[in-house]
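One-letter residues, chain by chain:
4 protein chains.
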Amino acid sequence: MGLSVDLIDDISEGIKGPKNLITDVDGVEVGQITIDQDDFHSGVTAILPHPGNVFKRKVPAASYVINGFGKSVGLIQIDELGTIETPIVLTNTFGVGTAINALTKYMLKQNPEIGDTTSTVNPIVAECNDGNISNIRAMKITESDVSSALNAAKDTLEEGAVGGGRGMVCYGLKGGIGSSSRIVKVDDDHTYTLGALVMTNYGFLDNFIVNGIPIGKSLAEMLVSDKQKEEKGSIITVLATDAPLNSRQLKRLAKRATVGINRTGGYIGNGSGEIVFAFSTSNLVSHFTEQNFDTVSRFNDNHIDLFFRAVAASIDEAILSSMVHAKTVIDRKGQLRYGLVDAAKQLVQQQPRYTAMIAQLFQQLGVKL
Amino acid sequence: MGLSVDLIDDISEGIKGPKNLITDVDGVEVGQITIDQDDFHSGVTAILPHPGNVFKRKVPAASYVINGFGKSVGLIQIDELGTIETPIVLTNTFGVGTAINALTKYMLKQNPEIGDTTSTVNPIVAECNDGNISNIRAMKITESDVSSALNAAKDTLEEGAVGGGRGMVCYGLKGGIGSSSRIVKVDDDHTYTLGALVMTNYGFLDNFIVNGIPIGKSLAEMLVSDKQKEEKGSIITVLATDAPLNSRQLKRLAKRATVGINRTGGYIGNGSGEIVFAFSTSNLVSHFTEQNFDTVSRFNDNHIDLFFRAVAASIDEAILSSMVHAKTVIDRKGQLRYGLVDAAKQLVQQQPRYTAMIAQLFQQLGVKL
Amino acid sequence: MGLSVDLIDDISEGIKGPKNLITDVDGVEVGQITIDQDDFHSGVTAILPHPGNVFKRKVPAASYVINGFGKSVGLIQIDELGTIETPIVLTNTFGVGTAINALTKYMLKQNPEIGDTTSTVNPIVAECNDGNISNIRAMKITESDVSSALNAAKDTLEEGAVGGGRGMVCYGLKGGIGSSSRIVKVDDDHTYTLGALVMTNYGFLDNFIVNGIPIGKSLAEMLVSDKQKEEKGSIITVLATDAPLNSRQLKRLAKRATVGINRTGGYIGNGSGEIVFAFSTSNLVSHFTEQNFDTVSRFNDNHIDLFFRAVAASIDEAILSSMVHAKTVIDRKGQLRYGLVDAAKQLVQQQPRYTAMIAQLFQQLGVKL
Amino acid sequence: MGLSVDLIDDISEGIKGPKNLITDVDGVEVGQITIDQDDFHSGVTAILPHPGNVFKRKVPAASYVINGFGKSVGLIQIDELGTIETPIVLTNTFGVGTAINALTKYMLKQNPEIGDTTSTVNPIVAECNDGNISNIRAMKITESDVSSALNAAKDTLEEGAVGGGRGMVCYGLKGGIGSSSRIVKVDDDHTYTLGALVMTNYGFLDNFIVNGIPIGKSLAEMLVSDKQKEEKGSIITVLATDAPLNSRQLKRLAKRATVGINRTGGYIGNGSGEIVFAFSTSNLVSHFTEQNFDTVSRFNDNHIDLFFRAVAASIDEAILSSMVHAKTVIDRKGQLRYGLVDAAKQLVQQQPRYTAMIAQLFQQLGVKL
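Heads up: the protein sequence lines correspond to chains V, G, A and B, in order.
Numbering follows the working numbering, in which position 232 of the first sequence is assigned residue number 297; successive positions increment by one, without gaps.
Numbering follows the working numbering, in which position 162 of the second sequence is assigned residue number 227; successive positions increment by one, without gaps.
Numbering follows the working numbering, in which position 65 of the third sequence is assigned residue number 130; successive positions increment by one, without gaps.
Numbering follows the working numbering, in which position 14 of the fourth sequence is assigned residue number 79; successive positions increment by one, without gaps.
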């Protein structure tokens, strides 16, 4: 649901969708499952582009690699054919293999033709390394977990330390899943929705800013022992829209994800796998075509800035929302990993001089005490 | 072992290495396992860049996507960091997830630091769709199969319908694993080896040519019932060299794979996933560095054509070698899928007017009757 | 007019257009000017995508860099926006600056809004180094030459050592401008034309093959003194079609240019700038839009192989046509630079044992004696 | 000289070089010429990578296209070969052709072998559209202007509305040339300099922020009539370092330019040509090699974040510096185009409630009244 505030500045630029979630884009559904077994704290988040058979009715799509220290799969074929033909599954780095297997079986079940009378299928799986919180080496994600997430898909979602975001760490604080949406009015006859969902696991606390407020520096002084030595993070972004954008235009949108990420203080670190997927629920592409040509609506790039701004704003907000909704947890080594709200509260207690800054921060974030 | 002939023209351009295999590159090893269970005819081929710990001593590397109708994984990070840090595993399309899991576990076992005190690891898995021969939907590749292939690695390899190539079909005939190598003498002080290994599963028989001989057309008339309606193929190419080429230069080599492929009649079909990996066993990159800088040998691009020619020649030959070594098999629907040699022999029997052409073909291919 | 023969094999695969030129694509025009002043032998070839105002009605387009040892301009914006908004000008390497100036002025004259009330314009200029034949350092291409070529545009063109191709050398023989076209029948209701134009200036004579005949080797023995020591070549390819392909699909076509080039013996040399432009005359994009959305025809990629084959065949033929039509000339150092036909004739005279091969060659090329 | 302040936050992150200019990188020189003729207000800025013959001793380099609505030239060959072999010239969009000609002649004069006994040369020219201020259609940049700029190169430079930046507009205010540098200490034995130079001509005033202060919104209310309707901007960034980074690593640096740009409020608009060049003055590449191999220092990517941060900080500062140093001018239509300092002062006069914000702004920017 993003942040609950409606401010005049960057974070809330534009008009939010009714749920302020990626599922404001008609037909998009999200399913999640969260796993806590001993020192394994992970999960799966699945985004379904539409409720039908995605293999038979593919969505125009693009992907973009901001920084390629990552193991996401499926991008090669998106780049070539400009379509996505499965749900998108987000999980931890060592869950990718199992997610591919589960997603493949899910598609095979729906489509007996795959691998028999027609081509194979291109599973889309993205990942971050949740090894700070969870014993990632245990590789405990099961195929059943992935299909449970796929089958739990509905038109709303929980944010914070849930699903694939369960064990993620963002700017040294607890990260996870965040989402937001924007309404894009192109002209009197054309109004669309753009939604973003992020899995946040990147950044150094020192760099963290909220709408210009350099809160990270102050928190970092307090939480000095939590400072990461080595960046092992990543951020996965999924963009959805019902606007009839083609794969070239969707790639342009995907490239702007970096604007939203940078607004919170990111600088695209060496070890950060920053991967973006963007798809449109319009102008679907049939796998089994009766005709070689169809007729589609085409958007002139002249006003594409409207979408670029919506991308930046919704991702900025989705990142912050992932942090606002993530509770403080204990990591696999028994250390507290603070949620943003708890950390900010504690800062005020320890250092009363920050009272005004934190009040401003909470107002910006729509946090009520 | 490539082809046994030493001709003056394209196929054999350059000087072959002693084994005429990718394992002529010092330290490179290949392990394979072939699986035949009921209608499942598949396998795994693993290429080890060097006998040591590849995560700790990464190889400079590049990948290149000739056509992206494919599901190979690991390319994003190769592009970003210019290194490969695991063996390369080749298998069928629906074995990719399992291969990732097995390869990850193989690396975790060797490196207790991965996912704990250091970053994760980027498994490299490439695939073709062997669904013409094998019941790919059965998804019967096991993690144990993959580790068996990894553990079977040695400095030579069998070619033809073995390993990951067991169920592959090339130009409508039986394809599989092929390999070849070339010696590259840069100057009096610098002589290197370049090796290629291919898994061939692409092309239409009509287009197949051998060193200019349009043998495919004649065979296609005879084998008219085997004509594919839809291209569902791919070709995976792995290039190895001990020359000190950096990732930019290796990418240039990888791009030239298309020359070798085209020489046999390929035209980069829509449904063909044509993916290339290239690595150097020189100038290894340490994961745990004691020093931030090291000193490496750098090759001036002025004479890089020597390597480009070796790439084209060795891939041309490796493709043909995969076909020469592949025996006729029965596919999952009970149909004969001819090996090149058997098909050519049959052509002569049925159509004696092709006797001279086939004799020339067999001479070119070094096939003895 | 390409080659006059209609053979059953590679070179002539597919059905040729009525003129067998890029101008078979309705609306496409080509203008050329050839310059011979002292030791300066160069020229300009201009391709007009349609007879109207290309800035106001842009063509969907893509470019592709096979090998980037080249100085062509305009590709960045094609990649971003997927359109071409000026004619395409081909000239020698050191004529690029002047061609940009002339092309810009040509567009400014047509469009008083450019640089005043609307954006600037993106000139497309491609080049090869004709320094073997011409004194390229003299930089004698004038703006007037370029506008003369633009203004000379018509629906047919001369091939060989003319226009931008005047001073080019291909496979050590005389190269230049070549063109060819193919008819692509997608289904009963949809038949399109694909045309190719090349400016050929690449390759080593040793590697030259014609439809599998290794003629280059034999010629190289005779013309031993002409052997290039350093590759300084390039090949520019322009593809045009009236099929409603979008920029992603046009890029896929552009990538297949390498198949046609390789079929004549190319191997993408280090020093060869191999650049491809592809555009569609369908689904034009308005610069000044009255509406933000329009409705366009979209082609399903399932049968795009039909176009890929037409690309390979038309480029293969266009390259050979550039050589067949190029007469023997004297280069800037006073040496003979043989045309293919003259060289082949001389080979027969000197070495009668090649009589059969050359007869076969001439038959393949449609050359009559 | 960048900004004169030394703050603790984003803008001044890191240690500035002695001049706080790109020319802090040893050997890098910049020459500029500014042109004011009637309604033509433009110029040329030339960056020389080192004082020697750049063709003979090429610099390792990379380029990156953040958004490709631009006409910069030379990127193709940089991408292929990883080197820059000429100075980099910045001017207005319609000066590119002339700049290529002048730069080519400058190189030909230095190198009689070019285009005769060796290959041609790849001129690097980048541009922005200064049509808001200057009559760009007049095309008044001359070859002599470009060579004057090249010959004026020295180890310092003026910032603001000078050289290629004379007519540029940034965030609706006067833009131009800005520069800054950072010292990067990798370890006790290795300390390097990274310098940035920008030509700023992009952005909407509404979005302009300075280190988190949303100054643009307030200024936009005052300067409502200056609001751009259509983005016609661009930003060119040149990064130089003496660290031994190879072309892959330099491309990674170039990609991070977007972080610095976004920090000032950019969002990579549709019409903004955002192009980055990065080169190293270490490990030069000889054109005429005596040996095929040399020995070079190689930096392990593990600590490349140090450079990424320096990139973001120096570009953020260079952009602001271009604006702080740019005086208010009258544009070609007779309208005032405010410099940032003048605009801010006027805002305080008109709206005293902004006194504190502007005081903070000026403090951040090191502006003294």
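These are calculated hints, taken from the structure and not from any lab test.
You may find that some hints are simply not true.
[As the list claims (entries may be wrong)] Cross-link-like lysine-lysine pairs, in silico, DSSO-like; alpha carbons within 30 Å at most:
#1 G:K398 x V:K170
#2 G:K398 x G:K410
#3 A:K121 x B:K282
Quick rundown of the hints versus the structure:
no. : hint            : in the structure
1   : G:K398 x V:K170 : holds (22 Å)
2   : G:K398 x G:K410 : holds (24 Å)
3   : A:K121 x B:K282 : violated (35 Å)
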